[in-house]
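As a plain string of letters, each chain reads:
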Amino acid sequence: MSAIAFWGAVELGLLYGFVAVGVFLAFRVLDFPDLTVDGSFPLGAAVAAVAITSGWDPWLACLLAAMGGAICGLVTAFLNVRFGILNLLASILTMIALFSINLRIMGRPNMAVLNRETVVTPFYDLGLPDHIVRPLVLAVLVLVAVLLLARFLASDFGLAMRAAGANARMARANGVDVGRQIYVGMALSNALTGIGGALFAQIAGFADVTSGVGTIVVGLAAVIVGETLFRSRMLLVALLACVIGSVIYRVAVQLALSADLLFLRASDLNLVTAVLVALALILPKLRSRGEVAR
Amino acid sequence: MIVVQNLRVTFNPGTPLERRAIIGIDLTLKEGEFVTVIGSNGAGKSTLLASIAGDVVPQDGSIRIGGRDVTREQPAKRAAGVARVFQDPLAGSCANLSIEENLALAAMRGQRRGLRTALRPDRRAVLRQRVAELGLNLENRMGDRMGLLSGGQRQALALVMATLAKAQVLLLDEHTAALDPGMAEFVAELTQKLVMSHQLTTLMVTHSMRQALDLGTRTIMLHEGRIVLDIAGDKRKDMKVDDLVEMFRRVRGGAELDDDELRIG
Chain L
0 MSAIAFWGAV ELGLLYGFVA VGVFLAFRVL DFPDLTVDGS FPLGAAVAAV
50 AITSGWDPWL ACLLAAMGGA ICGLVTAFLN VRFGILNLLA SILTMIALFS
100 INLRIMGRPN MAVLNRETVV TPFYDLGLPD HIVRPLVLAV LVLVAVLLLA
150 RFLASDFGLA MRAAGANARM ARANGVDVGR QIYVGMALSN ALTGIGGALF
200 AQIAGFADVT SGVGTIVVGL AAVIVGETLF RSRMLLVALL ACVIGSVIYR
250 VAVQLALSAD LLFLRASDLN LVTAVLVALA LILPKLRSRG EVAR
Chain V
0 MIVVQNLRVT FNPGTPLERR AIIGIDLTLK EGEFVTVIGS NGAGKSTLLA
50 SIAGDVVPQD GSIRIGGRDV TREQPAKRAA GVARVFQDPL AGSCANLSIE
100 ENLALAAMRG QRRGLRTALR PDRRAVLRQR VAELGLNLEN RMGDRMGLLS
150 GGQRQALALV MATLAKAQVL LLDEHTAALD PGMAEFVAEL TQKLVMSHQL
200 TTLMVTHSMR QALDLGTRTI MLHEGRIVLD IAGDKRKDMK VDDLVEMFRR
250 VRGGAELDDD ELRIG
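Heads up: the sequence lines are chains L and V, in that order. Numbering-wise, the first sequence is residues 0 to 293 according to numbering that gives the first Met the number 0. Numbering-wise, the second sequence is residues 0 to 264 according to numbering that gives the first Met the number 0.
So that you can see chain V by itself, here it is in the shape it has in the complex (with noise of 0.2 Å):
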């Protein structure tokens, strides 16, 4: 369970530069919970995922992961409980690093790290079948350096590298909006079949209201750094794509939506 309590984050205090991120989230996603997160550019949508991850140290406030409180932990540290995809798909791995080693470093996140060899013929196995089941055809050619992939195969892959070690919670940020639209719908359908077969808590930041409310089993709405709009349920059930533009047009005071930060599709 994930425990998001009154959160504030400044960036620059007392600066010129001050800007106020955050201004008072409380949140809670009970265990296999999977909450999507929309709202317009700095809203704080990355900033929210962020201070989980413990890039980002918040003024105030506090964030509990699985009942232990982690807000001011290094990001290594808690790293045992945060799974993680990030936005550009390159740096979810390492470019000079086989596909291979890459699943295997990520299969002892949180874990003690000693001298056994990484590639043992056991754990090569699983992470074989692991990248079989994508059906990517890369389980042949799990010697290849990750640099020789495609932005959808390693962001795949990444969502696979996510889910080798067990976490508390799974975060992803906008990990389809970098990829071309057959590779984001692709992403996206692994991302639901994963968190269903792990049963993962997860946070998905996403800029597509279709996304938004087709995955995932909540959906919460960020406008200058507060939670605007929480749903889930048979109210969301009901809500179609136009009834979140709508809200979103009038959280915004009218304002027209740029298509840029949005994607209504």
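The shape of chain L in the complex, shown without the other chains (with noise of 0.2 Å):
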């Protein structure tokens, strides 16, 4: 594996450290199953890819396509809380949905945006070669997000929300509004799967509306790997987990694809990690069948 190959896995990693971090409030957090970011990861790249290419402030683009994932997770949250639609099936009817949005948004199936001023291009002043500048500034935008995620979850209000998703019998009993702490958790959750997307048509260069497939599943995978590997009940340190398990998951899988092991093609990427997230799961249930039957 080349150096630039190397860094384009980190790169593609932090990036997807953002939707790493969203799937962990909504799975671990919330206790919410949730596949809207199927749908909300395109979408962020689409407002992104529309608003620049319509002349608009990079950053600007992100906040937009933030409150754009922030909306999807609302639909999603206002499905189940609302009228009691099972939460997966809700997050599934949202994803549907948003795949026409999508489309409806950009015009046409895909767009790019090349030659364009986007969060990165001012640094690329700096003097550092181009794909080592990229991974930089987006771990230190993730960095962020992840800092302010933590605080935010050790306040009063995050406390509920992480009680809400743990134990809601509980939280209500203490003055939880349940309902209340899965819309900002769903909203945040999915801004930042957005912010994902919109960085990700900046960096990639392109926005497409199939480049959701499968988003779920490589977050998933993101969580557990970060989980495996850094057994933590430190918030900030879990958080970080994801992003790592994000890099890691990565670069393992370019690894893989350059190696050419087992005959593995890049077409092959979903199969190889649906396996991956399914073993991941699984594992852990023998285990732990293993120890009760001793």
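Keep in mind that the hints were calculated from the coordinates and are not lab data. Ideal placement from N, C-alpha and C gives every residue a C-beta, glycine not left out. Do not rely on the hints blindly, as some may be mistaken.
Said to hold, decoys possible - Residues of chain V placed beyond 10 Å of chain L at every Cβ, according to the derived structure:
#1 66
#2 112
#3 241
What the hints assert, rightly or not - A partial selection of chain V residues facing chain L, derived with a Cβ cut-off under 10 Å:
#4 40
#5 79
#6 95
#7 97
#8 109
#9 120
#10 123
Both chains are sitting in their own frames, so use the hints and assemble them into the complex.
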């Protein structure tokens, strides 16, 4: 694997770190299996692509993508909280609807964002090679997001959100409006994913309606890899672990693909990811069953 | 003050599974009164508590907490006035949060939760002090996960959690039933102590006749969704466990007591 391929994988891993942290918030904190991200990621990309090609500031484009993502999360939460639709199904409905909406936003299936001012371009003048600058900028951005989220979850409001996901009955008995926590948590989770999509469009140079397929599995893979490597009760560590997990996952995939291992092709990526995540979900179960038997 | 008027609760109304759990209860708890509730299985004890907490919406009647009608209010909304300890020690706290975090969450019951750090130094000191008062040596384990503690320890902490924020009423639903005898005794004594020191208006369901008479200032007995006995003061002081059992037997039409549903000791 060449240095450029390696830093490319790190870059992609950091980018999907936003998704991983969002997935962590939905799955682990709120205990809400949310597939909306498969739609909110390309939505973020689409919104940013349209905004930037219309001459908007790239930071403003990211903000717009975050707001778009937040709305996606609110729709899923609304279907679940207000009408009692099963959380997983509610998120699938939003995800499917977003495919059409993303096509509407861009007016076509894909869109180039080449030779435009992006959030990274100002830093190309620092004198470092471009393939190092991109992961550096992304690392700083994702670190800021992680720090803000960790601080949020340590607040009175964030603590209530963690309780709402862990023990809803206890949370209610302590005056926590569990429905409201789901709204806020889902909005935050998908806003992070939307930012990930916006950065993807700027760094990859395009937005594509199909780029969201499997986002949830990649995010989950990152969360699981992170949890396996860093077992910690500290929130900040757990959140950083998601980002690191995302990077490790990308590098591992890049390694597997570039080494011509097991006759793998680039197009096998989704299959490999699905198998990896399935294994990661099954192994702890098998282990605990063994413990019970003993 | 808690005022329950003409309360009626029916589960699954209009279906073959229809069950009338409460068929007319009037109950007034004065400020600072500690009422113990006994009755056989299905008498409506837990349903009465669930109605006051808001888990169950009654078909008829009204519930007022501190002068405010809360009959149809969501549990979370009325939680400002209602503190609870559940029967299941696992139900009252979050296993994956630390002792400190659980307490901090309970300390904000009924208040607006903002973005200030939940574990701020001044609050941590107060929480640590309250846990130290238990004498269970848990004040040095404030950062431990709640899930690492025994049922008895969790229930003792649940009681502390219920008394951190102000409440108009404390609801205890057989909160010692799932504990071993030693720990049940400890939690019962702790209950009496905390209720006294905080002067809490309390409604405690129990299966133990002894506990029903030893703790509190007033005892009511429910049977088939109605109050069949309501004693306080001297009359209650003179009452022995045997008298209560005899009364219990009479109410049930002379049927023998089932050990499972009632502990005499």
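Okay, the hints, checked on the actual structure:
With a closest Cβ-Cβ approach of about 19 Å to chain L, residue 66 of chain V is found to remain outside the 10 Å limit, as its non-interface label requires. At roughly 4 Å, the least C-beta separation between residue 112 of chain V and chain L is not larger than 10 Å, which violates its mark as non-interface. At the 10 Å boundary, the C-beta of residue 241 of chain V stays outside the reach of chain L, the nearest C-beta of that chain being 37 Å off. Taking 10 Å as the C-beta cut-off, the interface hint given for residue 40 of chain V is violated, the closest approach to chain L being about 22 Å.
With 10 Å as the threshold, the beta carbon of residue 79 of chain V comes within range of chain L, its nearest partner Cβ sitting at about 6 Å, so the hint holds. Annotation: residue 95 of chain V was flagged as interfacial toward chain L, and the flag holds, the nearest CB pair being 5 Å apart, inside 10 Å. Satisfaction of the interface hint for residue 97 of chain V is found here, the shortest Cβ-Cβ separation to chain L being roughly 7 Å, below the 10 Å cut-off. With a least beta-carbon distance of about 5 Å to chain L, the hint placing residue 109 of chain V at the interface is held under the 10 Å criterion.
About 13 Å separates the beta-carbon of residue 120 of chain V from the nearest beta-carbon of chain L, more than 10 Å, and the hint is not met. With a cut of 10 Å, the hint placing residue 123 of chain V at the interface with chain L is violated, because the nearest CB-to-CB distance is about 13 Å.
Against the hints set out earlier in the document, violations occur for numbers 2, 4, 9, 10.
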